[in-house]
Amino acid sequence: MSGLTFPLPPVERGRGGGGADGTAPLDPAPPPPPAPPPRGEESRVAPLRPRRALAYLQAAPLALIFLIFLVIPLVLTGIVSLWEYNEYEIIPALTLQNYADVFDGCLSADLCTTLRTYLSTVKFVALTLAITLPLGFAIAYFLAFHIRSGTVRMGLFLLCTIPFWTSNVIRMISWIPLLGRNGLINDTLRALGLIRQPIEGLLYSDFAVVLAFVHLDTVFMIVPIFNSLARIDRRLIEAARDCGASGAQILWTVILPLAKPGIAIGTIFVTTLVMGDFVTVGVMGGQQIASVGKVIQVQMAYLQFPAAAANAMVLLAAVLLMILGLTRMIDLRREL
Amino acid sequence: MDQPRGRAFYLLAAVFALYVLFLYGPTLTILALSFQGPSGGLTFPMNGISTHWFAKLWEGVGVVDIWAALRRSLALGLVVMALTVGIAFYAGLAFRKGFWGAGLVFALAVSSLIVPSIVVSLGIGLEFRLLDDAIKALAAATGWGFLQDHGTLMGLYSSALGAHLTWTLPFGLLIMFAVFNRFDPAYEEAARDLGASGPQTLRHVVVPILAPALVGVALFGFTLSFDELARTSQAIGGRNTLPLELQGLTTTVTTPEIYALGTVTTAVSGLVIGTALGLTLWLQKRRARRALAGL
Chain A
95 MSGLTFPLPP VERGRGGGGA DGTAPLDPAP PPPPAPPPRG EESRVAPLRP RRALAYLQAA
155 PLALIFLIFL VIPLVLTGIV SLWEYNEYEI IPALTLQNYA DVFDGCLSAD LCTTLRTYLS
215 TVKFVALTLA ITLPLGFAIA YFLAFHIRSG TVRMGLFLLC TIPFWTSNVI RMISWIPLLG
275 RNGLINDTLR ALGLIRQPIE GLLYSDFAVV LAFVHLDTVF MIVPIFNSLA RIDRRLIEAA
335 RDCGASGAQI LWTVILPLAK PGIAIGTIFV TTLVMGDFVT VGVMGGQQIA SVGKVIQVQM
395 AYLQFPAAAA NAMVLLAAVL LMILGLTRMI DLRREL
Chain B
8 MDQPRGRAFY LLAAVFALYV LFLYGPTLTI LALSFQGPSG GLTFPMNGIS THWFAKLWEG
68 VGVVDIWAAL RRSLALGLVV MALTVGIAFY AGLAFRKGFW GAGLVFALAV SSLIVPSIVV
128 SLGIGLEFRL LDDAIKALAA ATGWGFLQDH GTLMGLYSSA LGAHLTWTLP FGLLIMFAVF
188 NRFDPAYEEA ARDLGASGPQ TLRHVVVPIL APALVGVALF GFTLSFDELA RTSQAIGGRN
248 TLPLELQGLT TTVTTPEIYA LGTVTTAVSG LVIGTALGLT LWLQKRRARR ALAGL
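Top to bottom, those sequences are chains A and B.
My numbering puts the first residue of the first sequence at 95, with every later residue one more than the last.
My numbering puts the first residue of the second sequence at 8, with every later residue one more than the last.
One chain only, chain A, in its complex shape (with noise of 0.2 Å):
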C-alpha cells in the first residue's frame, strides 16, 4: 500500500566481496569462494552469520514495540468489537451487535446518526484539502523552485516547521483572542464600520474548526511536496522550456506528475489526522460538533468499550478505505 512510498535504504552489499552479500543471507555455511577474495586477507571481513543475527538485534526493539502497543492493540479491538457489554463490565461472548448499534437506523430513509458524523468528518477532511493541498504546493513550490541560496531555502523551511513542534491545543486557544465575539476581527471589523453587531460564529463553529485544521496541517502537505519538488531534474524544467513550453504547461505535464508521490503523501497524513481528530473538534466547536473521534472517547469516557471498538474497526476501515482510493487514484506504483 503506501509502504511503497518510502524509498527502503538500499541494502548494503558486497562489504567483503565473494559471496558474502545479502543475495544469499539464508545460505547455509557458504563454501570458500573458488577465486581468492577481492579484498586480500580473508579474516578482516566480517563473517556473515554474526552480521544476520546482529540485524535482528538491531531491529528487536523496534519490531517489538510494534508489536505490543500497535498489532496486539489492533487485534484486541477486533475482538473486543465482537464482545457484549453491559454497565458494569464487558463480556467475552460473541455478538455482532455493537456494529448493528453502529449502523442502527442508517437504512432508512433519514439518515442516521452515525453517516451523519462521518458525513460531517468527510466534509472536514474535503474542506481541509481543498484548502492545504493548493496552499501547500504552492509554498513548498516558492520554496523549491525560486529560493535560490540553499542556506535561505533552509531558514525558510524551517520557520514553515518550528510550529509544528509546538503545543496543538496551544495554537488552538490562540486563536480565541482573534476569532472571539469581542476579539480582534470583529473589533476592527466594528471600528471600521463595516459591521454594526459582532459576527457570531467565528469561533466555535465549522469555519473555526476548518480554519485549526489548515493551521495545524498544512506543514503536512509541505514537507512531503517540498521533498518531491527538491528531487525533480531541474535539466527537465529547462527542456520543456526549449521545447517551447509555457509556464502553465511546464507546471501541468512536467512538475504536477514529478510531485504526485509527495502530494499522496501529504494528503494520506492530512485524511488521516483529519478522520481521527477529536481535539480539534472539539475545542474548536467548542464541544458541539460531533466527530467519529468524539464518539469514540465519548463511549471510552462511559465504559463503554466493546462499543468504542466497533466504532474504531469502522473508522479504521473508513481511512484504509480512503488511502487505499488515493492511492488507487494516483497509481503509486507507476510513479516509483
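By construction, these hints were calculated from the structure, which means they are not laboratory data.
All C-beta atoms in this analysis are idealised placements derived from N, C-alpha and C, irrespective of residue type, glycine included.
Don't take each hint at face value.
In silico DMTMM-like links for lysine to aspartate or glutamate, alpha-carbon gap of 25 Å or less [as the list claims (entries may be wrong)]:
#1 143(B) - 178(A)
#2 388(A) - 181(A)
#3 143(B) - 204(A)
#4 143(B) - 183(A)
#5 143(B) - 200(B)
#6 104(B) - 191(B)
#7 104(B) - 200(B)
#8 388(A) - 204(A)
Here are the simulated distance ranges between beta carbons [what the hints assert, rightly or not]:
#9 154(A) - 139(B): 25 to 33 Å
#10 328(A) - 191(B): 19 to 27 Å
#11 57(B) - 209(A): 24 to 32 Å
#12 85(B) - 250(A): 29 to 37 Å
#13 12(B) - 279(A): 31 to 39 Å
#14 414(A) - 288(B): 36 to 44 Å
#15 242(A) - 85(B): 52 to 60 Å
#16 285(A) - 216(B): 57 to 65 Å
#17 290(A) - 292(B): 33 to 41 Å
#18 397(A) - 157(B): 15 to 23 Å
Given the structure of chain A, go ahead and fit chain B onto it with the hints provided.
Below, chain B alone, put in the same frame as chain A:
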C-alpha cells in the same frame, strides 16, 4: 532558473509571507496577552502590562496540579527521546544490513503513522485493561498475596510511553533512512581496514558522523512526546500529562492564566528546539574545524 524575478515570484512570495503570518500571528497574540494587566480579559485591549497571570499560574490552576503535570510531561518526554534515538538508530543499522521481515517491520512503522491516533490509543487502553482483568482473575484464583491489591498496569511509563513511541519511532526511523542513504560506507570500511572492531567503528566513526542527525531525532522524539495528546488520551492512568490537562482547561479557565500557561509550554518547546539546533550547528562547526586542523 536564473531569470529575472517574474510576477509569479512576487505572488508566491506574498502567499508565503501571509502563510507565515497566519502560522505565527495567533501564537504571538497569546504570548502578548499572557502579559495582560490584572484587570484584563481574554481579548485585546491590553489593560497594562504585568506578570500577574504568571504569578497566578505559579500558585496553581484550580484543582489541577499543573506543575506536576509539567514535570510528568518533561520526564516522559526525556525518556521517549532517549528511547527513540537508541531504537531508531539501531533499527536504521539493521535495515541497512537487510534482514528477513524488513519489509514487514517497515510497513508496521508506516501503519503506525497512518492509523488514526484515537484508534491506537483505544487499543492500548483496552490491552492494559484486559491485562489488569487477567491479573485480578489470577489473584482471585490463586490467592497469591502479592497480587491481591493490584491496581492497574496502565501508567506514564507503561501504556503512555508505548503510545508515544508508536508516534515518535516512525519519524525517527524515516530520518535514519534519509541519513543512511547519504552515509558513505567507505568511512566504515576504512575504519575496519585499519583494524577497528564493529563497536569501535560504530563509536568512533558512525556516531560522530551522524551526530547532527541523531540530535534531530532526539528533537523530534522530545517535542512530539511533550505535545502528544490524542494517542495518550485513552492510554494513561489517573495522572495526566500536560497537554491533556491543557485540553481540559480550555473549557474551564476563562482568564489570561491559560495564555500564561501557553507561553510557558511554548517557551519549553522553544528552549528544546533552540538547544537542539544550536547543538547541531556546534557539532558541524567543530567537525569543520577538526577537518581543517587535520589538513
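ask   = Within 25 Å, alpha carbon to alpha carbon, are residue 388(A) and residue 181(A)?
value = Satisfied, since the Cα-Cα distance of roughly 20 Å is no more than 25 Å.
ask   = For the pair residue 57(B) and residue 209(A), does the Cβ-Cβ distance stay inside 24 to 32 Å?
value = Between residue 57(B) and residue 209(A), where Cβ atoms are some 51 Å apart, the hint is violated.
request  = Could you see if the CB distance from residue 290(A) to residue 292(B) stays within 33 to 41 Å?
outcome  = violated (60 Å)
message = Would the hint linking residue 104(B) and residue 191(B) be met if the CA-CA limit is 25 Å?
response = Holds. Residue 104(B) to residue 191(B) sits at ~14 Å (cutoff 25 Å).
query = Taking 29 to 37 Å as the hint, is the beta-carbon distance of residue 85(B) and residue 250(A) inside that range?
reply = At 30 Å between Cβs, range holds.
message = For a C-alpha distance cap of 25 Å, please report whether residue 143(B) and residue 204(A) respect it.
response = violated (45 Å)
message = Range first: 31 to 39 Å. Now tell me if the beta carbons of residue 12(B) and residue 279(A) are that far apart.
response = At roughly 33 Å between Cβ atoms, residue 279(A) and residue 12(B) fall inside 31 to 39 Å, so the hint holds.
task = Confirm or reject the claim that residue 397(A) and residue 157(B) have a C-beta distance inside 15 to 23 Å.
result = holds (19 Å)
ask   = Should the hint that residue 285(A) and residue 216(B) are 57 to 65 Å apart at their CB atoms be regarded as holding?
value = holds (58 Å)
query = Are residue 143(B) and residue 178(A) close enough, with their CA atoms no more than 25 Å apart?
reply = holds (20 Å)
ask   = Holds or violated: 25 to 33 Å for the Cβ distance of residue 154(A) and residue 139(B)?
value = Roughly 27 Å apart at Cβ, these two residues keep to the hinted range, so it holds.
task = Note whether the CB distance of residue 242(A) and residue 85(B) lies within 52 to 60 Å or breaks it.
result = Distance hint for residue 242(A), residue 85(B) is violated at roughly 40 Å.
Hints 3, 5, 11, 15 and 17 from the list above are not met by this structure, while the remaining hints are.
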